[in-house]
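Let chain A serve as the given structure and place chain B on it in line with the hints.
Sequence lines, in order, name chains A and B.
Numbered by our numbering, the letters in the first sequence go through residues 1 to 435 in order.
Numbered by our numbering, the letters in the second sequence go through residues 436 to 766 in order.
Hints are supplied without guarantee of correctness; some may be wrong.
Stated by the list, open to error - Here are the simulated DSS-like cross-link-like pairs (lysine-lysine), alpha carbons at most 27 Å apart as the crow flies: (1) B:600 x A:110; (2) A:353 x A:179; (3) A:46 x A:112; (4) B:448 x A:155; (5) B:600 x A:130.
Please keep in mind that the hints were generated in silico from the structure rather than gathered at the bench.
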Amino acid sequence: MFGQRRSKRNIFALATLAAGALAVTALPAQAFNVHTTDGVTPTTIKLGITIPLTGSAAPGYSKIPAAMIAYFNYVNDNGGVNGRKIQLVVKDDAYLPTLAVAKTNELILKDKVFAVIGALGTANHIAVSKSVNLGRRGVPDLFLNTGFSGFADAKKYPTTFSLFPSYVMEAKIMGQYLKDKFPGKKLGLIYQADDFGTDALAGFKQAGTNFAVKVSYASGSQSAQTAAGWVSKLKAAGAEVVVMFGVTTASGAALATSAALGYKAQWILGSVGGDATTLKAVGVPAVVLTGAIGASFLPAPTDTSDPYVAFFQGINTKYNGGAVFDNNVLVAMNTAMMTVQALRAAGANPTQKGLVAALESKGSTFASAGLAPLNYAKGVHVGYNGYWFGSYNSSGELKPIGGDYSVYTTDSGAGAIAKSTYVRPALPANGLPTN
Amino acid sequence: MRNLFGHSSRRLKAAIAFPVIGVVLFIISNRVDELRVYQGANVAVYVVAIISIILLTGYSGQISLGHGALMAVGAYAAVLSQVYWHLPIILTFVVAVLAAAGFGAILGTAAGRLTGPYLAGTTLALAVGLPSLANQFGFLGGEQGLNYDVGLPPTWLGADFTQYKWFFWISALAALMVTWLSFNLLGSHYGRNWRALRSNPTAAALMGIHVGRSKVLAFTVSSGLAGLSGALLAMTISLVTPSAFPTSLSFSIVTGAVLAGVTLLTGSIVGAVVLVAIPEITGALATHLGGSEKVTSNLPGLLTSVLLIVAVLLFPNGPQAIMKRTRKSSH
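So here's chain A without its partners, still in its complex pose:
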């Protein structure tokens, strides 16, 4: 009896609730919006970023927005971009694709940002590109922090511009480096069994690298136990030089386990798993890292003789509360400086279409800390295309071998691998772009 009466009421409660819940949200009803001047007022330009501030990927990455804001505040204190102050709306995506989509939707549909900058996480950004569809909406998606080669497709992702060289490029360059520096040595490779690793294998194939042994691991399976398995395979094959093309937790496990098992090889770490600060954070002692070879396209964050690094360190002290200056902070401030140049290049009355066009036409001339050239052009949306190699010293700093940064460049296809003669533009006066 009671149950039935309850059910009857429930039906109407359901109807009322359904209508009520959505009707409340119906208040700011509005017409279809054409995104031409979103986020730009006579005095401000609003940009957005989603980034892991919480969750497993937060250590390291969570420092990025504050470092970007620090540089933007410095520019704002010096007149902004064409009189407009830059605002950065920061949203936490916890490194989850569901939240990355939800938060990017908020950025675009609610905060109405002019552009999205510095997004990271390959799976997250595939979801964002597909579901939010930044390309169809015409929202610029600048300086993406991933080397996944899929985003290089400018037809599929017309407004997306990556910053990092692709993993294919990195593997090709590494292959060439192995050929030059370790001829005749027995080579080993550890790689991740997904698109990340597939890109790496494609690159090594292009470079004609022959590994005596290849060990793959499933993403998420890395641990001291599984690393012991990798090491025994490498040992059995007698690998003298081992390339570690995986995430930091995997390279950390490989280094620590091989040290514990007394396996001595020359380690070469890919850029993804080679950030010394993060390696330390996951518990790799500096002594284990010493002598390993790493790759980067930026100057070492500890290299104060580099004018860009010295300038950004100054900004970090004055505007970022003196946070630990590592690769994440350097990447963030460099991205912010490139963003300012992109906004300037878009003209006095920037539009989203104009911003994309400006990056295609002028992006390759931007001043940036990168030691490899920027390659933006019509239909080319991948930024840096090269790496230099260094070895980690006893305090975990990556120092260029032989003292100077010699950068190798290539493409993601069958193009040659060459020693770069690129000289980056000088740091603009006071670090304020005038392009």
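Same frame as chain A, now just chain B:
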């Protein structure tokens, strides 16, 4: 006689109410902005997920902390049937339901002897472990996942018809159908068996209810619905990847079910709206409060937990029960 009459009048009202709600939702979806439409689609996804918990916990008395994993099973089944068999989109949802229900039947049979915390622990292990299995098999796409593309809205809906409105229509229709079917199921003898089972398994068995079979059936139906909500969730992000189904998802939908009042089907909307609103509310709160990054980024988790505790302490049968109580006392 009266019972019979009550029964058919209930059905009649439902038969009127559901189309009415559908029309209301349709009108609303044309009036709100795109972000609200997208959030509406998420609400509908959570409604289905929460109902799957309500059927299981609220009616058959079994606890699952692993429904996120069952959602993943549904989502992967749907995307695989699309990628490898090229099934039309409507059939991929059917595949999601069947695969998750099949998986749930096996799980329910295995877990049939477990109750309370043991069952919770077993299902929790599933939530932690199962989604990352996708990383072990290449055909599942690893961390990059597989694109799940329900396609653009049909052209006859017009050029202004956005992708998100299409997502909303699909998920809202699914949620309405699921609510209606569950409503009927719970009114049938299966529903009565489950309620008897939850109140007192021994008494239920004495009355001739096959306890084991009823439990497994509840688990199977609930899993099927979880599978459907998983496929719908994947649709809203156009991607199936292990990280879309974190352990916290299982906790979220249980929280949603508790907020809904675990025995009230209609409460699922309250639970779902709260789940979708929390990240936005805390985001706004964080902006107003300012404060350090550490504080603001932990606000969503804090708010969810506080809500859960408050709900359990103050209105264990859901906010609607409070409304009813006050109404009754005013009579």
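Evaluation of the provided hints:
1. B:600 x A:110: 16 Å, holds
2. A:353 x A:179: Measuring from Cα to Cα gives roughly 44 Å; hence the hint is violated.
3. A:46 x A:112: Holds: residue 46 (chain A) and residue 112 (chain A) sit about 8 Å apart, inside 27 Å.
4. B:448 x A:155: At roughly 52 Å apart (the allowed maximum being 27 Å), residue 155 (chain A) and residue 448 (chain B) break the hint.
5. B:600 x A:130: Holds: residue 600 (chain B) and residue 130 (chain A) sit about 15 Å apart, inside 27 Å.
The structure is inconsistent with the numbered hints 2, 4, although it conforms to all the rest.
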